[in-house]
Structure formats: structure tokens, C-alpha cells
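> Sequence:
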Amino acid sequence: MRQRWILNLVLLGFILILGALAFYTQEQEKAELPKLTDLKAEQIQNIRIERANKEAIEVKKDAQNAWQMTTPFQLPANHYRLERLMDILSHQDYTALTSTELNLSELKLKPPLASVNFNPLKVAWGDTSPINTAQRYIQINDKKVYVLTDTHYQQLTGDATSFINLSLLGEEAKIQALKMPNYDLVLKEEQWTVNTPFSADEIDTSQDAINTLMSNWQQAQAYHVERYIEGPIEGEIQITLKAQKQPLHFAIVSLSPALVLARPDKGVQYQLSNIQVDKLLHLPTAEESASETTSSEDNMRIPFN
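Start counting the sequence shown at 1217; every next residue gets the next number (this note's numbering).
Treat the hints loosely; a few may be bogus.
[What the hints assert, rightly or not] Here are the simulated lysine-lysine pairs, DSS-like style, with alpha carbons at most 30 Å apart:
#, residue 1, residue 2
1, K1326, K1251
2, K1461, K1390
3, K1276, K1461
Hint data in this document are derived by calculation from the structure and do not stem from the laboratory.
Modelling step: build the complete structure from the supplied sequences, incorporating the hints.
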């Protein structure tokens, strides 16, 4: 009985070793595959995305090396999505196919379902593999055909708004003036002036409170961007940024269940959590600021053990 138990352990160990060797060999083979292209992401200055039966999307880098969408919207682009898209250039887990034996029309590569021009290099997306629907056919520069795991097609075929930056004001924005219902704030000689119908007993108009409000705006991120839907609004907001001549105009579309701020001139609207209503549209009340100060002082008095 003891010998059989020992034999089973030996056999189990042998099987585990064989499995580990097979996995290691497979991973080594994957690692030995060259990158799908020689083009590096940092070399790319322009990207054009074309989809069947949908409008094209064009983005390019500006003088500050930031991605800007130029078609169909003129807004900062979502660089995280673009970086994910450019990952395909260095993809190493794929199977190369002999294109001379393939019917490109049947693979939906001629014409393609979607294509991306990265400067001079073109990547086209076709149909899913009948063997594994998680994989899809792609073609590079109308020549070589590959099949690889599909991680980009759904992103490519979504609405163009999904490629817009989620930041309301863009990267590294600095506010010079903010005008919205009940508030008119202007930065003069590094000090904020505020014009409001509320008294100092009702709201906190200290520089710290205003700086916090501006910081909230400068860091504000939507969780979704969609096309603008014209309709009644709750109010208007005008924001002037440093080094920009023309102010940005927002319309308050909704306060609940989500805060929706629109840029009618750009044809989009941003959805934010309604938690942002107080953070973006109001200075804190004097009572709230006093409560926070008291709480902070109490925390400072807590002794360490």
C-alpha cells in the first residue's frame, strides 16, 4: 500500500514537471515571435480610424505632444484609448497566415470592417476566426494577414465620442476666470475676487475655498462622453483658461441623477457623478467650512499611543 502511494506521488510529480516544461516551451515560442510591426508608438503623429458605415475619426499630436481629435469633433483626445490601440503595433501573440491562399473578401478584409492608419502603416480588421471567435483576422499594409486575440475591434467600432478626453478642461488647465449661476470669480494679481448674491455669513469666500473649487474644476473627469442632445438647461457656465483668448462655454443640462454638462459648440456633453454638483457648482457654506476646521483641529489633538 505504501509503495503504491509513493508511486502515485512520483507519477504526479512527473506529470507536473511535463506540464511545466510544456508551458515554458510555449511561452518561449511566444517570446521568440517578432513584434507585429517595427513602428514604435512614440513615432506616430497622426492616426486615422475608418469603420464600415460610420464616420472616420482623425487625431493628431499638437505642439505640446498631446493628442487632439480633429474629426469628427475638435476636442482633446482620450490618450489612454489611443495608447491601448497602439499596443497592437508591438503585439507578439499571433499566427501569420499565407495571404496567397486566402480569400480576403470571405475574411472581410477586402474591404475591411475597420482600419487604422498609423502614419504610413495601415492595419485592417476583418472577421472573427471560425475556429475561435475570440480571435480576428487582421492585415498589415494590404499584404500580410494574421489571426490574433481580438482586443481592439469593439473599441474601434464604438461611437467617436469614446475617443474624446474625459477631462472637462483638458490636461494641465489653469483657470483665470469662472462665471456660473450665483458666482463670478476672477483671478487678479494671484488673488481671487468673487461677486455673489450670498453674504460672507452664508458661504466661505476665502482664498482656500476658492482654490479648492478651481482645483475641482481643473481635475474634473467625466465617466462618459456622449453627443449633445439639445433641450432645456439649468444654467450656463463660462470658464476662461490662462493662455486662451476665448472662454469655454458649458450648459448645465441636468443635476440629477447625474450631473450633465454640455459643450453645445462642440456637440458633446459630459456625464459626471452628482456628487460633483456641490464640488463644481458651489462654494462651501460658512457652516460647512467651520465644521471642517473644527474636525481638523480635533484630529490634530488625538494623541499617539
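> Please write out, lowest number first, the hints stated earlier that are contradicted by the structure.
none
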